[in-house]
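Enquirer: All chains, please: the whole structure from these sequences, using the hints.
Chains as they are written, first to last, in our numbering: chain A, 69 to 468; chain B, 69 to 468; chain C, 69 to 468; chain D, 69 to 468.
Everything labelled a hint here was simulated from the structure, so no lab data went into it. Be aware that a few hints might be false.
To be verified - Computed far set for chain D versus chain C, every beta-carbon distance over 12 Å: (1) Ala112; (2) Ile119; (3) Pro227; (4) Ser229; (5) Asn283; (6) Glu299; (7) Ala350; (8) Ser376; (9) Arg381; (10) Arg384; (11) Glu410.
As the list claims (entries may be wrong) - Covered stretches of chain B (in silico footprint by chain A; criterion: 3 or more residues with CB under 8 Å from a CB of chain A, positions within the stretch not fixed): (12) 223-229; (13) 259-273; (14) 293-307; (15) 314-326; (16) 391-400; (17) 405-416; (18) 455-466.
What the hints assert, rightly or not - Not close to chain B: a few residues of chain C, all C-beta gaps over 12 Å, as computed: (19) Ala153; (20) Ser206; (21) Val456; (22) Ala466.
Ideal placement from N, C-alpha and C gives every residue a C-beta, glycine not left out.
Protein chains: 4
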Amino acid sequence: MQHHAITMLGTGLIGDFYTMTLHGQRGADRVRVVYSRSEGRGRAFSARWGIPESTTDMESAIRHPETDVVVVALPNYLHETAVAAVAAAGKAVLCTKPLGRTADEAWRMLQTVERAGVFAGYLEDLCYTPKTLKAIRSVEEGALGDVTWVRSREAHPGPHSAWFWDGRLTGGGAIIDLGCHCIEIIRNFVGKGNRPVSVMCTTDTLVHPIDDEDNAIALIRFESGAIGQFEVSWTFRGGMDLRDEVAGTRGTVWLNHFLRTGFEMFTAAGGGGYVAEKAETASGWLFPVGDEVAELGYVDMFTDMLDSLDAGRSPRETFYDGYVVNAVMDAAYRSARSGSWEPVELAEWRGGTTPRITATGETYEGSTVIKRELLPDGRVKMILKDAVTGDYVDRVIAGG
Amino acid sequence: MQHHAITMLGTGLIGDFYTMTLHGQRGADRVRVVYSRSEGRGRAFSARWGIPESTTDMESAIRHPETDVVVVALPNYLHETAVAAVAAAGKAVLCTKPLGRTADEAWRMLQTVERAGVFAGYLEDLCYTPKTLKAIRSVEEGALGDVTWVRSREAHPGPHSAWFWDGRLTGGGAIIDLGCHCIEIIRNFVGKGNRPVSVMCTTDTLVHPIDDEDNAIALIRFESGAIGQFEVSWTFRGGMDLRDEVAGTRGTVWLNHFLRTGFEMFTAAGGGGYVAEKAETASGWLFPVGDEVAELGYVDMFTDMLDSLDAGRSPRETFYDGYVVNAVMDAAYRSARSGSWEPVELAEWRGGTTPRITATGETYEGSTVIKRELLPDGRVKMILKDAVTGDYVDRVIAGG
Amino acid sequence: MQHHAITMLGTGLIGDFYTMTLHGQRGADRVRVVYSRSEGRGRAFSARWGIPESTTDMESAIRHPETDVVVVALPNYLHETAVAAVAAAGKAVLCTKPLGRTADEAWRMLQTVERAGVFAGYLEDLCYTPKTLKAIRSVEEGALGDVTWVRSREAHPGPHSAWFWDGRLTGGGAIIDLGCHCIEIIRNFVGKGNRPVSVMCTTDTLVHPIDDEDNAIALIRFESGAIGQFEVSWTFRGGMDLRDEVAGTRGTVWLNHFLRTGFEMFTAAGGGGYVAEKAETASGWLFPVGDEVAELGYVDMFTDMLDSLDAGRSPRETFYDGYVVNAVMDAAYRSARSGSWEPVELAEWRGGTTPRITATGETYEGSTVIKRELLPDGRVKMILKDAVTGDYVDRVIAGG
Amino acid sequence: MQHHAITMLGTGLIGDFYTMTLHGQRGADRVRVVYSRSEGRGRAFSARWGIPESTTDMESAIRHPETDVVVVALPNYLHETAVAAVAAAGKAVLCTKPLGRTADEAWRMLQTVERAGVFAGYLEDLCYTPKTLKAIRSVEEGALGDVTWVRSREAHPGPHSAWFWDGRLTGGGAIIDLGCHCIEIIRNFVGKGNRPVSVMCTTDTLVHPIDDEDNAIALIRFESGAIGQFEVSWTFRGGMDLRDEVAGTRGTVWLNHFLRTGFEMFTAAGGGGYVAEKAETASGWLFPVGDEVAELGYVDMFTDMLDSLDAGRSPRETFYDGYVVNAVMDAAYRSARSGSWEPVELAEWRGGTTPRITATGETYEGSTVIKRELLPDGRVKMILKDAVTGDYVDRVIAGG
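Expert: If you want it as structure tokens, here you go:
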């Protein structure tokens, strides 16, 4: 294992989470220099995390002679420029979500890093939560049969920094901010080789006086017939609602990442300090999260990124994944305008093909078996469909 | 309070639930006669529930001299005929869900009972669960502010009787069977005066070898801007998933009617008998429901129906409600075919108008306030939008 | 089914719950007259519930010519007098919990009703919650094997009326108020024929400036070896904590009656009205209960009482049960003083004998099998104990 | 931060968990040599975890020239010998739980490391789960007021290795195996300076054919008046029940570490591989844990241990803590035999004194206020106790 010296670009909330993770738990990797547009914020950040240097010159931060990895933790509209500069410097680049503001932007970033031949990772933390990783493994091992439906929901009362609310800088509203997580979670469960075919989406600006959507719901149809469903909101009340549900032909998975994780606290005293990201109250019933950077996937994400870099292999989440997510979001925005299903347009599909979900196909004495149920008395009841007439009948057979 | 003698039409699972409820808990109302197409099933049913008479003649059951209320618990394709016969007999009629197979059928039934001037109730039990009734009351009292979104989900491995699977007899698949519940639950939460404007729906037949949909998801846009979302499935694994989620500008409600109600049981012994409707296993971790007919709304439903009949007022759920539900389902099926939003077509709207969801509108020193957050040190941070440039800025003010 | 006209003695919170139940859901039984020490409260109560008469003369209320059942919903110190008066009047008597302030008092009440030959029911509502009834049935059917341990917990911030806090009137503190519920719940799960042998209890007055205990924990040893454990508190924060846990040799049951029943609400609006009994807040995350009188057992309790009266059989909860509960509480108070296990002293045991919990007894090649586990590769691992040396060894056998 | 080379003594389940943690997540510390009594198990273990050397000679493992830290992951009866050898070698020693089989043994181990002046840490993982650490912090910050009661429960179907079942090797049964966790969790919540005064305990051997207890419940009385309660069982069915509940004068905390952590899976397919430690089934409803070594505290435990070693400070959990735990367990076993409260005997108390839990003390017009409640109409109801007569009265005052 190599130890990495890292350039951190950006000093916002996400920069804090990233550095807390990199410097946490006996890890040997360290942030060596941080870049901020503001000298004061840069100095405060480096003091907070014990970072030797801060600078307001992005280029010199990227080209710092001692660092070999650059983390892009900047607002969306700066991703392309920053990634291009890192690629030119020939260093490994890890870029926060969403990759681009549009699929076009993401596609250019992908081509930039591929042409430069540098290691590139897409920092999609929510695909790395320990629960999600274990659930994906169970799905891959067949515990759910074929996946038919994935719901991924992320909802809270709205982001903390001004730039998030300006669609000119971000590329959109709640979809760009939250939907990118949901889409990639969905892809991990239906299988990354399962091509997203088309999207139906509705958006609205219900509560906040902004130009972009504060609520959106979308359906994504995959090649296998599976449906992905994302629900994002900047107007949810009650904290951070972060849940995934997966249905398959043989099983179900429910994940709750924030509000119901087995940690429940009532306090009439208040003043209990920080509860959890985007918690709305500090008294009454609260639902804290144990170790947020671990539970939200940051720990496993950086482990995968840096282990992959050491091993010379692709990380779980690549710039290509980021590009596909942007393409799905583009289709969602088009659908919200057209009111119809819109195709997901991909310059290149690298995922192969996925067969249709397996339907049941049992027959019994020439009829199609629709269902079989074990009765309390041990007999078996079947619902049969006559192949010729199409009529359905109940049929009880002894024993089974 | 009058005591009613009731004609029960039908001896299926729903007839059992209805009679168990009517005969339960010190109630004075009694089923007097039951009609079944099969003499054997009719006799078994009347023996099971202590009903004096059974018959295979529907007309004589309806016109039984001692009954004043007729409950229609028959397969969908028989509703119109049965309701017409009861109306002709001048008796009160209570019809199970869905009212019709189509909005046209439901509209004719509505007109039939209104012309005959008989009391008519729509037996939509899931709008009467004690949790739902109390949650609706909280919403009506303003606990959630304006409702922005309602998700109603009903999913299980598929119905128990053959006729449910035959769309010719029922009018469709999982939407007709389960979606009718969800739609009316959604209407109760967004307000029954809130007109359903259009529907976007996707359906698929993923697992079962049938002609109709075994999975469907739909979005319903209401006049206020609220979105209703229903998810229905005949392929869910793990039991009966019956959940509602309501989001508003000031609050949230989550209801779980079946799988997580504070009753959890692990058994390695099995043989624990009936667990709950559509439970898949009888060992391992099980999630039984206490008193199913109460928890699923049957008790409060019949109380409302018969109390309303006694009082000469409309029940909470009327044939007009059933008609609106059918109209929404019709739009859902059209949308599934067209791939676009489809208008909800109503011959008559009785609900008035509902204003748009209230957006926030605070200003601060000439700028629009997007968000205000209390910082740990007592200061207030505001995110402001400049009215002219459209730029967003963070601004911290002392005290607040 | 007969319809009963009822005398209600008492107009406190419990009188309200009882009358709400008796007059609810199409029931034909009605309270005919109510007694209160205060004319004003009596009048308000009868107006609230549509009761024809109220009186401040207990004797005349009991002997009202039209009533056949008397419900004793009075403070504990009045139970014995009231029950004696009802017995003398030859009417059925239903007495709220606890039966007496001491086992002596309860024993006299039991003898009084038995000598008078009147129907007598012990109104122990929490043994009648739909969840509890179904769980008891599962236990009786063997789903848990032999019951080894029952935990029953009832905790809230303290009662609403002054008299509850005065041990001279009630017989004690939190044990008398809440422990009586827990003890009878425990008896229902371990089996009513399973004799409570001895009790170990600790009490303390931690928060409230009162003379009696505001917190207590007790262990009850039963003849079978099962342990009952009750935890009662008048200082709990967060609402009403009402949970039962049952462990058996083959399974587990967990019941949550109040705080986590599948109904979750967040409100920033407040003003949402009554949430649930003893809820502490009206905003933030709230956990309401759907239909409280049903969920807390009142409905099934009165159904059982009046059905049993009609049928001439004993109800599930009798005065003898109330007496046993008092005897256990007496032993608890003695143990809290002595610091040792104290015997449960019963003038008469009507429950027969219960065998010791069944221990496992498998042998393998002459050794005792402690445990067998299925390994992932299909082999079976056994932990064996050598009968002679008493040594324990791991042993893996092929297949199994 | 220094990087440590570690000697691991023992190759059982706990050795696997420890090494998985030390080698996990970009950590720079590495196990350098492993000792096992069995050459085969040692070789398999070193191959599994990429450890350069294994040996069957404990002394040479301890004195390996490149290691500076020794982890004792051996059966209980070997702790004292191993710790003495490490102390003699002058290396840092980290010893798994329980420290000794008895307080005497633990006291000698404590003296050994203190005399040798080596760094010594007590590997009590469950005090380090991220939830527990955050909850302890909230308690320390006053969110719960004064702690009145802590329940810690650990229950499962029994341990996996033969030696655990032999009390001669371990010092007891379920108390020694599981109670040591509970006791130290309780001490962390009531405050480590809060002296455990006396213990009441009951034990039984209900199911397994062994000589030691397979079930135990104990109450621990602390100097402040707080009560700790532990429940341990080797006969629980349904998986691993690991829950803590903390009640305080102003709040409540509930932690669930295993069965209800927001990860729920149903599978009819089975074969989903490893679910979680001590899960009983591989199909039906399952409740996996995301990242077990993180959720169970191993990650934060080793971080604290090695960071403390680097910083020259005491870790959170010391050998003195382990000694106190053994002293409480000794008292529990004595109490189980005597049937009375038994004092906790400590050769030395290092924790200072803790004041009694703060009782409420408000007065109103000369009376003691027992309770105040806000009525729905805005008035305040007080329950008052007359200082002279001791009588309790309800009193409603305007406004409040």
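Enquirer: Now tell me, hint by hint, if it's right for this structure.
Expert: Now for the hints, and whether the structure bears them out:
no.: 1; hint: Ala112; result: 14 Å, holds
no.: 2; hint: Ile119; result: 23 Å, holds
no.: 3; hint: Pro227; result: 8 Å, violated
no.: 4; hint: Ser229; result: 6 Å, violated
no.: 5; hint: Asn283; result: 7 Å, violated
no.: 6; hint: Glu299; result: 8 Å, violated
no.: 7; hint: Ala350; result: 9 Å, violated
no.: 8; hint: Ser376; result: 34 Å, holds
no.: 9; hint: Arg381; result: 35 Å, holds
no.: 10; hint: Arg384; result: 27 Å, holds
no.: 11; hint: Glu410; result: 10 Å, violated
no.: 12; hint: 223-229; result: holds (count 5)
no.: 13; hint: 259-273; result: holds (count 4)
no.: 14; hint: 293-307; result: holds (count 9)
no.: 15; hint: 314-326; result: holds (count 6)
no.: 16; hint: 391-400; result: violated (count 0)
no.: 17; hint: 405-416; result: holds (count 3)
no.: 18; hint: 455-466; result: holds (count 5)
no.: 19; hint: Ala153; result: 26 Å, holds
no.: 20; hint: Ser206; result: 5 Å, violated
no.: 21; hint: Val456; result: 32 Å, holds
no.: 22; hint: Ala466; result: 24 Å, holds
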